[in-house]
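Novice: Read off the chains here:
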Amino acid sequence: MKKQFTVICLLLLLFTIHCSLFTVAEAKVYIDITSPGAKKLPIAIFDLEGTSGKEISEIIRDDLTFTGLFIYIDKASYIESVLQSFKPINWTPLGIEAVVKGNVLEEKNLTATITLYDTFEGKEIFKKQYQAEKDLLRQLSHNIANDIYKALTGKSGIFRSKIAFVAEDNGEKSIYIMDWDGHRIKKLGLKGTLVLTPHWSPDSTKIIYSSERGRQWGIFLINFSRMTDKKIFDAKGINMAGDFFPKGDSFVFSSSKDGTPDIFTFNMDDGRVRKITSSYGIDVSPAVSPDGEYIAFVSDRGGSPQVYLMRSDGNEVRRLTFEGSYNTSPSWSPLGDRIVFSGRRGGKNHICIIKPDGSELTQLTEHGNNEDPSFSPDGRYITFSSDRDGTKGVYLMRANGEAQKEITPKGLRAFGPRWSPN
Amino acid sequence: MRRFWIFLVLIVFVSYGCQQRVATKPDGQPSGQQQDSSQAQKGSDKIPEQKVASVESKDLSTKAVQEKEGMFKDILFDFDKYDVKDIYKPVLQSVSSWMTKNGSAKLSIEGHCDERGTNEYNLALGDRRAKAVKDSLVSFGVPSSKIDMISYGEEKPLCKEQNEDCWSKNRRAHFVILEKAGK
Chain A
20 MKKQFTVICL LLLLFTIHCS LFTVAEAKVY IDITSPGAKK LPIAIFDLEG TSGKEISEII
80 RDDLTFTGLF IYIDKASYIE SVLQSFKPIN WTPLGIEAVV KGNVLEEKNL TATITLYDTF
140 EGKEIFKKQY QAEKDLLRQL SHNIANDIYK ALTGKSGIFR SKIAFVAEDN GEKSIYIMDW
200 DGHRIKKLGL KGTLVLTPHW SPDSTKIIYS SERGRQWGIF LINFSRMTDK KIFDAKGINM
260 AGDFFPKGDS FVFSSSKDGT PDIFTFNMDD GRVRKITSSY GIDVSPAVSP DGEYIAFVSD
320 RGGSPQVYLM RSDGNEVRRL TFEGSYNTSP SWSPLGDRIV FSGRRGGKNH ICIIKPDGSE
380 LTQLTEHGNN EDPSFSPDGR YITFSSDRDG TKGVYLMRAN GEAQKEITPK GLRAFGPRWS
440 PN
Chain B
5 MRRFWIFLVL IVFVSYGCQQ RVATKPDGQP SGQQQDSSQA QKGSDKIPEQ KVASVESKDL
65 STKAVQEKEG MFKDILFDFD KYDVKDIYKP VLQSVSSWMT KNGSAKLSIE GHCDERGTNE
125 YNLALGDRRA KAVKDSLVSF GVPSSKIDMI SYGEEKPLCK EQNEDCWSKN RRAHFVILEK
185 AGK
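Chains as they are written, first to last, in this note's numbering: chain A, 20 to 441; chain B, 5 to 187.
Since the hints were made in silico from the structure, they are not lab data. Take the hints with a grain of salt, since some may be wrong.
So, partial list: chain B residues that the calculated Cβ filter (under 8 Å) puts toward chain A [what the hints assert, rightly or not]:
no.: 1; residue: 80
no.: 2; residue: 84
no.: 3; residue: 112
no.: 4; residue: 121
no.: 5; residue: 122
no.: 6; residue: 123
no.: 7; residue: 124
no.: 8; residue: 125
no.: 9; residue: 128
no.: 10; residue: 129
no.: 11; residue: 135
no.: 12; residue: 153
no.: 13; residue: 154
no.: 14; residue: 155
no.: 15; residue: 156
no.: 16; residue: 159
This one's a predicted model, so the numbers in the text were calculated from it and none came from an experiment. Heads up, the beta-carbon is just placed ideally off N, CA and C, and yes, glycines get one too.
Extracted from the complex, chain A is given alone in its bound form (with noise of 0.2 Å):
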């Protein structure tokens, strides 16, 4: 009885390696993305069938090239129709790896069926079926490319995620929010002559930002999930929301309330206030590392506003920047390995990134006013504000400084963009 049961444990064993063993086999990377000089992926993507199939195609298409990840294979070459069956052999030749087909269903809701090729290895890499309401076409649109993004690079996407920031109607102030690719605005009706930089609570369910109104600086909260919003903390002089700690529970923001600008900490349960900084001069804009250890901020103890780094109870605070005589608005990226922060360069404001250990400094920008700058949740993209077309509107650009376009349309003033953790 003993013998069997070994020779049962030790079959269970050899099936569970040889299945471990086929998932990794079958979890194929097409791109590194990890290593800096990766080959872009040539990708074939067809029309889908359908009426709107042109148009999820090209929301499709318009995610996958932004990455910089792939290039995108003209139609025009294509030798296979979306309705004959996939041979390798009629994409082998063009040099492309990947290829996109399906069709797309409009009845009371549209289902769209889509198939990504291997063409190498002359296979199908995955065959999903995607359902939304009619108006959900983009969000549909952009959750296949996420899907397509992860089997060909291993790694998530981001283009379900969003943006909020201000921008200003009439002369008013208000939160807004809009898809990762600047459609879909939406303005959130909250009114107020002044309102600063939103920041999303870990699982982007909340905001917090700050508003003047009747002559005091007031932090709010926006929750999604109960549609609220309701002044949290207000005090005399300056209070400005700065990021939340990871868990969600607390953030951090900065305050004169006790006579200077001053870094706190704010705990949501008890409504606790916490200092951390105390100095004569000026502490503002703290910006929280993801794993909640440190806190970048802006400081004008050493004559200008430079940015520094602390532990999270206020200790072992150094400088980070030297370069330049006014840098502000630091942020990190997801991993914490680098902070992006902007900095005055040649009389105008510029996107910059450093590492935590004040290495690697790198000037992103070159036209214009460019400031609030926050990583995408990938870490792979930038969003940030800038006037170099006038009026300012919200951009956004690879973490390299590549690709840089503005994502809200022309007109609207808007500023202080903060993409969605997820």
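Put chain B on the given structure of chain A with help from the hints.
Specialist: Frame of chain A, contents of chain B only:
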């Protein structure tokens, strides 16, 4: 019987171990059979969307005060500085003597900046400018409790051109007299 159970456990275990593979296995079936492990719903992926409706809020604060501006000159600052220059002593003196004569009045000092800095830092700078002026007034004998401060940073420029002449006018501390309304 015992063997049957062991066999069953084995099957369950093996299929569990292979689940990942099933999720990415090429599927020849026309539709609807496959599930994605991350969004395991029946049939196909249903795209969820949390609808963001309009968040409405009301400003409950009512204006209980009347504001009077322009009685005193603005105090101007250098770029990125918040020290009150000696040349503004006469202005501070006239503010303080007015405050002494009008015991019931309250004073609000607005701190402003030019547009060149970044938003949050400018608000902090404006706050610091307002505080520097308040501290000076207190040293002239105005009770601290009579003075409010508010920073507007770069948000309320006096002059909107992009040149030093204009910027220098915007780097200011501005005095507003607050009196109880409804008198």
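Novice: Take the hints in turn and mark each one as holding or not.
Specialist: Comparing the hints with the structure gives:
{"no.": "1", "hint": "80", "verdict": "violated, 19 Å"}
{"no.": "2", "hint": "84", "verdict": "holds, 7 Å"}
{"no.": "3", "hint": "112", "verdict": "holds, 7 Å"}
{"no.": "4", "hint": "121", "verdict": "holds, 7 Å"}
{"no.": "5", "hint": "122", "verdict": "holds, 4 Å"}
{"no.": "6", "hint": "123", "verdict": "holds, 7 Å"}
{"no.": "7", "hint": "124", "verdict": "holds, 5 Å"}
{"no.": "8", "hint": "125", "verdict": "holds, 4 Å"}
{"no.": "9", "hint": "128", "verdict": "holds, 4 Å"}
{"no.": "10", "hint": "129", "verdict": "holds, 7 Å"}
{"no.": "11", "hint": "135", "verdict": "holds, 7 Å"}
{"no.": "12", "hint": "153", "verdict": "holds, 6 Å"}
{"no.": "13", "hint": "154", "verdict": "holds, 5 Å"}
{"no.": "14", "hint": "155", "verdict": "holds, 5 Å"}
{"no.": "15", "hint": "156", "verdict": "holds, 7 Å"}
{"no.": "16", "hint": "159", "verdict": "holds, 5 Å"}
Checked against the numbered hints above, the structure violates only hint 1.
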